[in-house]
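S.K.: Residues per chain, in single letters:
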Amino acid sequence: MIIQQLSIFLNNEIGRFTEVTRILAEAGVNLQAFTLSEVSDFGILRLITDDNDKAIATLQAHSYAVSTTDVVYIELPDHPGTLAKSIEKLSDAGISVEYMYAFSQGNTASVVIRTNDVRQCNDVICQ
Amino acid sequence: MYYNEKIETMDRESLRKLQGERLANIVKHTYENVEFYRKRMDEAGVKPSDIRSIDDISKLPFMQKQDLRDYYPFGTFAAPMKDIVRFHASSGTTGKPIVAGYTQKDLDNWSEGVARCLTAYGATKEDIIQVSYGYGLFTGGLGAHDGATRIGAAVLPTSSGNTSKQIMLMKDLGTTVLCCTPSYALFLAESIENDPETNLKEDIKLRFGVFGAEPWTENMRKELEAKLNIKAYDIYGLTEVSGPGVGGECEYQDGTHLWEDLFYPEIIDPVTLQPVEPGQQGELVFTTLTKEGMPVIRYRTRDLTHLNYEKCRCGRTMVRMGRIMGRSDDMLIIRGVNVFPSQIESVILEIPEFTGQYFVTVDRVNNIDTFQVDVELRPEYYGDDMGRMLRLKDRLVGRLVSVLGIRPEIRIVEPNSITRSQGKAKHVLDKRLLNP
Ligand SMILES: [Zn+2]
Numbered sequence: 040m041i042i043q044q045l046s047i048f049l050n051n052e053i054g055r056f057t058e059v060t061r062i063l064a065e066a067g068v069n070l071q072a073f074t075l076s077e078v079s080d081f082g083i084l085r086l087i088t089d090d091n092d093k094a095i096a097t098l099q100a101h102s103y104a105v106s107t108t109d110v111v112y113i114e115l116p117d118h119p120g121t122l123a124k125s126i127e128k129l130s131d132a133g134i135s136v137e138y139m140y141a142f143s144q145g146n147t148a149s150v151v152i153r154t155n156d157v158r159q160c161n162d163v164i165c166q
Numbered sequence: 008m009y010y011n012e013k014i015e016t017m018d019r020e021s022l023r024k025l026q027g028e029r030l031a032n033i034v035k036h037t038y039e040n041v042e043f044y045r046k047r048m049d050e051a052g053v054k055p056s057d058i059r060s061i062d063d064i065s066k067l068p069f070m071q072k073q074d075l076r077d078y079y080p081f082g083t084f085a086a087p088m089k090d091i092v093r094f095h096a097s098s099g100t101t102g103k104p105i106v107a108g109y110t111q112k113d114l115d116n117w118s119e120g121v122a123r124c125l126t127a128y129g130a131t132k133e134d135i136i137q138v139s140y141g142y143g144l145f146t147g148g149l150g151a152h153d154g155a156t157r158i159g160a161a162v163l164p165t166s167s168g169n170t171s172k173q174i175m176l177m178k179d180l181g182t183t184v185l186c187c188t189p190s191y192a193l194f195l196a197e198s199i200e201n202d203p204e205t206n207l208k209e210d211i212k213l214r215f216g217v218f219g220a221e222p223w224t225e226n227m228r229k230e231l232e233a234k235l236n237i238k239a240y241d242i243y244g245l246t247e248v249s250g251p252g253v254g255g256e257c258e259y260q261d262g263t264h265l266w267e268d269l270f271y272p273e274i275i276d277p278v279t280l281q282p283v284e285p286g287q288q289g290e291l292v293f294t295t296l297t298k299e300g301m302p303v304i305r306y307r308t309r310d311l312t313h314l315n316y317e318k319c320r321c322g323r324t325m326v327r328m329g330r331i332m333g334r335s336d337d338m339l340i341i342r343g344v345n346v347f348p349s350q351i352e353s354v355i356l357e358i359p360e361f362t363g364q365y366f367v368t369v370d371r372v373n374n375i376d377t378f379q380v381d382v383e384l385r386p387e388y389y390g391d392d393m394g395r396m397l398r399l400k401d402r403l404v405g406r407l408v409s410v411l412g413i414r415p416e417i418r419i420v421e422p423n424s425i426t427r428s429q430g431k432a433k434h435v436l437d438k439r440l441l442n443p
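Protein sequences appear in the order of chains Y and G.
Okay, so the first sequence: first residue is 40 according to this note's numbering, each after it adds one.
Okay, so the second sequence: first residue is 8 according to this note's numbering, each after it adds one.
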């Protein structure tokens, strides 16, 4: 399904990431998946939460730059081969992935995929 | 229109001859009468007889504000008290002010400088000139007042403050020329805008404004001209040299003509103290060629600007000074290159995706200077697309390299993470000074 991911701009400094997770935990927001991409001077923390509105309000109150992006979110049984199968569908359809990340919880893995055409990606993957 | 056509349009060769004669006089007079100058010239190994033309000025030592403080109050005066007829003082924020003393001849030359400016802007004896500079120790009020009187205009000496009364008199008397600081002019303009009783087009007869005593920009000029429906002209001056009217713009608004027969300007490299190539930016230095009360010789203003010696379309041969771009105290030398924070700021302001907030950190690592500039994006340009932010950064680096001549490390930082300071914002941390 298509869901909204939060992207938070972070200075590339020790402790910024922990700070964000602490703030969100204190506000009672749960993280379902996250990834951190960095270049030399800054990073982008991408989050899937159970309450985006509350997360955005909380982070903005702490002066963080937060934006939302549509991504495709799927849950897969957590055993070998399932992810490869989904990715094959995308490459067969000629869709290139900008980035993706996964988060394993118990018996299922949450996978977040960002492509330039999210709708098409979602159609292909849910077939 | 000229106030003193012979001088203002004098060919440059005759002007240099006049400057040379006047310099020789003032050097001889100060050497013989003022201990400060005698001491400094002896230390530099220069004698009055060494100064025969204006080019010889480069042999003379510089002086600066601290010298005027050290010799407070009368130590650099060159006339006896019986000849001093006026004092003014600078508005220093701490410690002793700079006190300037003027003889009658000094006041006459000062008012002539202002009269030349007013005439160049187009003022005549028909004009009603409202002087909203402060009257008192500050040179602005009385300086503009005497110049306006000199051309025979009607002076309305409102001084600063009491804005509603200023507007009332401006309307009732039909003021045609306004003299004040550009920031007060903006405040007046906004007050007129918000005053339901006043209609700018019908009630206000202003033709032009004479703005000075603080640096201002072309954007402020445009704003003032639009808001007050006037032409806005620059007037330049400083208490140490005289007061307002050291120079002013002409109708072409293409540089501030300096009255070089009275005040000789030089531009030097603030580090090497050598003259820069004509037209290059550097620190402005003044020598008063006729002052009697408190002359200055090679006085370092700390103002950064450049001089244009081309003859102006107005017919004046007097050199034109560019906008004041900052203070030489702020200059950084990074890997041997002179860098001014004002240059960095103007580049950042050119790229609309950045907020204009910046912070420069200079350090020395393994004997190499590091040069880092932190910048913030406007909120809408932070996002998920890392590539776009990196491209913005590259664009800024490219512009800075071409303007500064060296490559800074740019760091995009979180919104509002660069400290906003009030007043003279502090934009630089030079760590080389902490651990030399
Ligand atoms: Zn001109």
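For the record, the hints were derived by calculation from the structure and aren't laboratory data.
Hints may be right or wrong, so weigh each one.
As the list claims (entries may be wrong) - Have a look at the derived ranges for each label pair, beta carbon to beta carbon:
1) G:Ala-233 x Y:Gln-99: 31 to 39 Å
2) G:Thr-368 x Y:Ala-123: 41 to 49 Å
3) G:Glu-357 x Y:Ile-62: 57 to 65 Å
4) Y:Ile-62 x G:Ala-233: 26 to 34 Å
5) Y:Val-78 x G:Asp-202: 36 to 44 Å
6) G:Asp-210 x Y:Lys-93: 50 to 58 Å
7) G:Gly-363 x Y:Val-136: 34 to 42 Å
8) G:Gln-287 x Y:Gly-54: 40 to 48 Å
9) Y:Asn-155 x G:Ser-424: 46 to 54 Å
10) Y:Lys-93 x G:Glu-357: 37 to 45 Å
11) G:Val-404 x Y:Gln-144: 38 to 46 Å
12) G:Thr-368 x Y:Arg-61: 46 to 54 Å
13) G:Leu-207 x Y:Gly-67: 55 to 63 Å
14) Y:Gln-99 x G:Gln-73: 45 to 53 Å
Keep in mind that this is a model prediction, so the values were computed, not measured.
Think of the CB as a built atom: it goes at the ideal place given N, C-alpha and C, for glycine as much as any other residue.
S.K.: Hint by hint, note whether the structure agrees.
M.R.: Outcome of the hint check:
{"no.": "1", "hint": "G:Ala-233 x Y:Gln-99: 31 to 39 Å", "verdict": "holds (36 Å)"}
{"no.": "2", "hint": "G:Thr-368 x Y:Ala-123: 41 to 49 Å", "verdict": "holds (47 Å)"}
{"no.": "3", "hint": "G:Glu-357 x Y:Ile-62: 57 to 65 Å", "verdict": "violated (36 Å)"}
{"no.": "4", "hint": "Y:Ile-62 x G:Ala-233: 26 to 34 Å", "verdict": "violated (46 Å)"}
{"no.": "5", "hint": "Y:Val-78 x G:Asp-202: 36 to 44 Å", "verdict": "violated (53 Å)"}
{"no.": "6", "hint": "G:Asp-210 x Y:Lys-93: 50 to 58 Å", "verdict": "holds (55 Å)"}
{"no.": "7", "hint": "G:Gly-363 x Y:Val-136: 34 to 42 Å", "verdict": "holds (37 Å)"}
{"no.": "8", "hint": "G:Gln-287 x Y:Gly-54: 40 to 48 Å", "verdict": "holds (46 Å)"}
{"no.": "9", "hint": "Y:Asn-155 x G:Ser-424: 46 to 54 Å", "verdict": "violated (31 Å)"}
{"no.": "10", "hint": "Y:Lys-93 x G:Glu-357: 37 to 45 Å", "verdict": "holds (39 Å)"}
{"no.": "11", "hint": "G:Val-404 x Y:Gln-144: 38 to 46 Å", "verdict": "holds (42 Å)"}
{"no.": "12", "hint": "G:Thr-368 x Y:Arg-61: 46 to 54 Å", "verdict": "violated (28 Å)"}
{"no.": "13", "hint": "G:Leu-207 x Y:Gly-67: 55 to 63 Å", "verdict": "holds (56 Å)"}
{"no.": "14", "hint": "Y:Gln-99 x G:Gln-73: 45 to 53 Å", "verdict": "holds (49 Å)"}
Violated hints for the displayed structure, listed by number in ascending order: 3, 4, 5, 9, 12.
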